[in-house]
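Asker: Residue-level listing of the chains:
Number of protein chains: 2
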Amino acid sequence: RAQFKSQMPGLEIELAQLQRQIRNMNIPVILVFEGWDASGKSALINELIQPLDPRGFSVHNAHAANEEEAMRPFLWRFWTHTPERGRITVFNRSWYRRLLDDRVSGEVGKTELEHSFEDVRAFERQLAEDGNVIIKFFLHISKEEQKRRFRELKKDENTAWRVTKSDMKRHRQYQKYFRAADEMLARTDSEFAPWFVVEAHNQRYATLKIFRAVVQALRRRVRQEKIRKRKVRSSEDEMPVATSSILDQVDLSLTLGEKAYRRELKKKQKKLRDLEYRIYVARIPVVIVYEGWDAAGKGGNLRRLTEKLDPSGYEVVPVSAPDSAEKKHHYLWRFWRSMPKAGHITIFDRSWYGRVMVERVEGFCSELEWRRAYREIREMEQHMVNFGTVLVKLWLQIDPDEQLRRFRAREEDSDKRWKITDEDWRNRKKWKAYGVAVREMLRRTSTPLAPWTVVESNSKRHARIKSMDTVIRAIEARL
Amino acid sequence: RAQFKSQMPGLEIELAQLQRQIRNMNIPVILVFEGWDASGKSALINELIQPLDPRGFSVHNAHAANEEEAMRPFLWRFWTHTPERGRITVFNRSWYRRLLDDRVSGEVGKTELEHSFEDVRAFERQLAEDGNVIIKFFLHISKEEQKRRFRELKKDENTAWRVTKSDMKRHRQYQKYFRAADEMLARTDSEFAPWFVVEAHNQRYATLKIFRAVVQALRRRVRQEKIRKRKVRSSEDEMPVATSSILDQVDLSLTLGEKAYRRELKKKQKKLRDLEYRIYVARIPVVIVYEGWDAAGKGGNLRRLTEKLDPSGYEVVPVSAPDSAEKKHHYLWRFWRSMPKAGHITIFDRSWYGRVMVERVEGFCSELEWRRAYREIREMEQHMVNFGTVLVKLWLQIDPDEQLRRFRAREEDSDKRWKITDEDWRNRKKWKAYGVAVREMLRRTSTPLAPWTVVESNSKRHARIKSMDTVIRAIEARL
Chain A
16 RAQFKSQMPG LEIELAQLQR QIRNMNIPVI LVFEGWDASG KSALINELIQ PLDPRGFSVH
76 NAHAANEEEA MRPFLWRFWT HTPERGRITV FNRSWYRRLL DDRVSGEVGK TELEHSFEDV
136 RAFERQLAED GNVIIKFFLH ISKEEQKRRF RELKKDENTA WRVTKSDMKR HRQYQKYFRA
196 ADEMLARTDS EFAPWFVVEA HNQRYATLKI FRAVVQALRR RVRQEKIRKR KVRSSEDEMP
256 VATSSILDQV DLSLTLGEKA YRRELKKKQK KLRDLEYRIY VARIPVVIVY EGWDAAGKGG
316 NLRRLTEKLD PSGYEVVPVS APDSAEKKHH YLWRFWRSMP KAGHITIFDR SWYGRVMVER
376 VEGFCSELEW RRAYREIREM EQHMVNFGTV LVKLWLQIDP DEQLRRFRAR EEDSDKRWKI
436 TDEDWRNRKK WKAYGVAVRE MLRRTSTPLA PWTVVESNSK RHARIKSMDT VIRAIEARL
Chain B
16 RAQFKSQMPG LEIELAQLQR QIRNMNIPVI LVFEGWDASG KSALINELIQ PLDPRGFSVH
76 NAHAANEEEA MRPFLWRFWT HTPERGRITV FNRSWYRRLL DDRVSGEVGK TELEHSFEDV
136 RAFERQLAED GNVIIKFFLH ISKEEQKRRF RELKKDENTA WRVTKSDMKR HRQYQKYFRA
196 ADEMLARTDS EFAPWFVVEA HNQRYATLKI FRAVVQALRR RVRQEKIRKR KVRSSEDEMP
256 VATSSILDQV DLSLTLGEKA YRRELKKKQK KLRDLEYRIY VARIPVVIVY EGWDAAGKGG
316 NLRRLTEKLD PSGYEVVPVS APDSAEKKHH YLWRFWRSMP KAGHITIFDR SWYGRVMVER
376 VEGFCSELEW RRAYREIREM EQHMVNFGTV LVKLWLQIDP DEQLRRFRAR EEDSDKRWKI
436 TDEDWRNRKK WKAYGVAVRE MLRRTSTPLA PWTVVESNSK RHARIKSMDT VIRAIEARL
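Line by line, the protein sequences are chains A and B.
16 is the number of the first residue of the first sequence in the working numbering; add one for each residue after it.
16 is the number of the first residue of the second sequence in the working numbering; add one for each residue after it.
Be aware that one or more of the hints could be misleading.
When chains are identical, the list treats them as one kind, so a pair holds in a single copy or across two.
[Unchecked claim] Derived DSSO-like pairs: lysine-lysine, alpha-carbon spacing no greater than 27 Å straight-line: (1) K20 to K434; (2) K169 to K281; (3) K286 to K475; (4) K274 to K445; (5) K20 to K323; (6) K184 to K169; (7) K447 to K286; (8) K285 to K342; (9) K285 to K180; (10) K170 to K447; (11) K323 to K158; (12) K162 to K444; (13) K444 to K475; (14) K323 to K343; (15) K169 to K180; (16) K125 to K286; (17) K282 to K169; (18) K286 to K20; (19) K431 to K241.
Just so you know, the hints here were simulated from the structure itself, not pulled from any lab data.
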């Protein structure tokens, strides 16, 4: 107690100072609070935030997933709540619900659990590599102490309702939870996202321990930032670069007659509309990614695909350079926000692959960052597919001559002239550099569960029908 | 049919051009689609969006309110989905659900219905005055036609599931809906948000009519914008300005002894925590607004109020200048986004009142805009209170001498020096101009349902206890 009284004021002042420093340095901070029911998470969080400036933090209470959340991969609701640079987010319960509650309740099966462990590690690693400080607390009390606290709560009419039946059920299963928690802590402790187990029988002791851990971690990070020698982490992609590419086998002379095209178009559009309803009923989410050269015909292709769809079942997400709010987050954050819910289709007109193409070629991110991205993208797509998402990735391929023809045609048509800009001409000059990036991208991110389809697009008619066909097959394979 | 074939291509091209123009001119556009079940809303929306650039529009499907939405005032989910400047939002169903479906089903009672009519008109007027183009379509088919279409849908196994029991129920109540729709259309048609009733028996006819209406409205607006002679609308506040103010009766000498303060603080913090749980159980939302002079002690006051609360039940929203995303919307948009859900407390550290204080005094908005704001704010608060929200507005009053003392004290304390900036000194020089704004604000926005409480804050202890007391009374009055 004496220790508490003597140390706390100093820690509070230092924490407030550190908060101002991390804001100036644009460092995002994630604090996770997990632990037994009635271990005092809320009270301890409230202690922690007292000295903080409310403009710089928020508390996110992760209840059991609601309707909207349950219809998306389980990390979705956490990704979308990660702090922007310079801010602190305190998670009162977190993604560890999945590895603890949902596991013990049997909601998550064995294979799913293994996937989830991988997903969680990847999630934390990606955020840490993007600059996040992550500190995780597990508040521990014994079964006896928990029993005593429940009894206390029940005595007071204002708090009695807080002890629910499921609390009591979990209390009886304390041993089972204990074993699950033990494994969870062991398997998800890491240098970049360490666990602190805090004995929470005594609140003062726990408060002191938590403040110290946070202050130390932030202090260390601020110091590192000052000497600008952040250790280069080494989780980037190290797959050997092969020299061949699927692009080399593409037959760009493929074409389709006008009449056959009309017939197929009508048939496939009808088919797609039927499938749209069927995936809605079956609650299957669908993600379609359009990438390709400028003037490869993405827009027209995509429009044919959606022309006869019901707009309440699909959404087109056009992707351009990130805006100022998006830049304050991990580059995958904005794509996570757009993930379709189960039963819906989201079509990305350009996508997260910008990281390894335009951002790489134009130098908008560092080499370390785009190298890391291949793995991050594979992990995200894996997570989507594990959830049951149908993922179709289309690369619209044309050759440089065809692009030139189309650029010129656009310039000559007054209704289309706005579509072509100086930037298009500049990018064209970098065809070779982009070519290297495209080949590496196709190679590193074509996985058995999330393959790329190269669509020969010198003939727009052929390209449109093939795209629809690819989507139809992918969906049918899942129904 | 011939007319359709000859006119559509031209309309499509013009619509695409207009979309680019409204984007450049930063004009937001709202298109509402209402109408009978099976009247073809989705198909017509899809026709309409075909020529549009997907980067510039989104379709919002307003299903029956979900969990999150049902826990907030009914306009919340529409406010938060209004388009940013330069974008188009198509609402597939809208806030008119409230005036139609919820009315006929009896979910909305008579008084509530009248409130809702007012709310909807205020909502549309506020958006229109902020620059939105609003066009509303009601797709009409006869009862016989509806029956025929349901039969068609049922025949096909892929679409049969779309005809639900409630569709059939509404079909049987066609007459009742008809009368409700009739009144709704009559009472919510306005110059700034006109209804177009579209006979939807023939899809080509309906498509043509919708395209024409949209093209004409946008064309007109773009023309107005070009000649920069937007008619000054006149809905700003015209209440006579009285000369007295509650501020004149404030006794700033009120104070409180250290010992009494400690005792009261402890008692009231305990009380607040109990109330926090009780409003949670009773599903009552609480909004607390802190406004006041610089250095009036908002931060410390607010911290005492929240110190013992459970962080999962409250949130502090610090308000500073709007960021770039927020500037693209109506100024009330960002506050709508932060509205608490039922059972939760949101505390605004500064608020929407910035519009009639700092934005007015510093000239960040036009006189027309801040004059309009008094009414807009009253309307928003009215809407909140109608929903059952406990709304507490605290004005922390100090005198200029006290402010000076506090500024100086901050400068001398190295731990607090960061809190005081040149801007604070600049604002201080404008005490008089702010004083005029504050008085007018208190007078125009203190209403019986949403009164201001002036908190004498020369004594911080007195101010803290009075603030807590005000909140406690307001909540207890509702329980």
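Asker: Now tell me, hint by hint, if it's right for this structure.
Answerer: For each hint, the structure was consulted:
1. K20 to K434: Between. Shortest inter-copy distance 26 Å satisfies the 27 Å Cα cut-off; intra-copy 67 Å does not.
2. K169 to K281: Classified as between; 22 Å across copies, 66 Å inside a copy.
3. K286 to K475: within (20 Å within a copy, 70 Å between copies)
4. K274 to K445: For K274 and K445, neither the intra-copy (37 Å) nor the inter-copy (75 Å) Cα distance is at most 27 Å.
5. K20 to K323: between (69 Å within a copy, 19 Å between copies)
6. K184 to K169: within (15 Å within a copy, 47 Å between copies)
7. K447 to K286: neither (39 Å within a copy, 70 Å between copies)
8. K285 to K342: neither (40 Å within a copy, 42 Å between copies)
9. K285 to K180: between (50 Å within a copy, 26 Å between copies)
10. K170 to K447: For K170 and K447, neither the intra-copy (74 Å) nor the inter-copy (55 Å) Cα distance is at most 27 Å.
11. K323 to K158: Between. Shortest inter-copy distance 26 Å satisfies the 27 Å Cα cut-off; intra-copy 59 Å does not.
12. K162 to K444: For K162 and K444, the Cα distance exceeds 27 Å both inside one copy (71 Å) and across copies (60 Å).
13. K444 to K475: within (23 Å within a copy, 67 Å between copies)
14. K323 to K343: neither (37 Å within a copy, 32 Å between copies)
15. K169 to K180: within (12 Å within a copy, 45 Å between copies)
16. K125 to K286: neither (37 Å within a copy, 47 Å between copies)
17. K282 to K169: Between. Shortest inter-copy distance 21 Å satisfies the 27 Å Cα cut-off; intra-copy 65 Å does not.
18. K286 to K20: Answer is between: at 26 Å across copies they meet the 27 Å cutoff, but 71 Å inside does not.
19. K431 to K241: Only across copies: K431 and K241 sit 23 Å apart there, 51 Å inside one copy, limit 27 Å.
Taken one by one, the earlier hints fail for this structure at numbers 4, 7, 8, 10, 12, 14 and 16, listed in ascending order.
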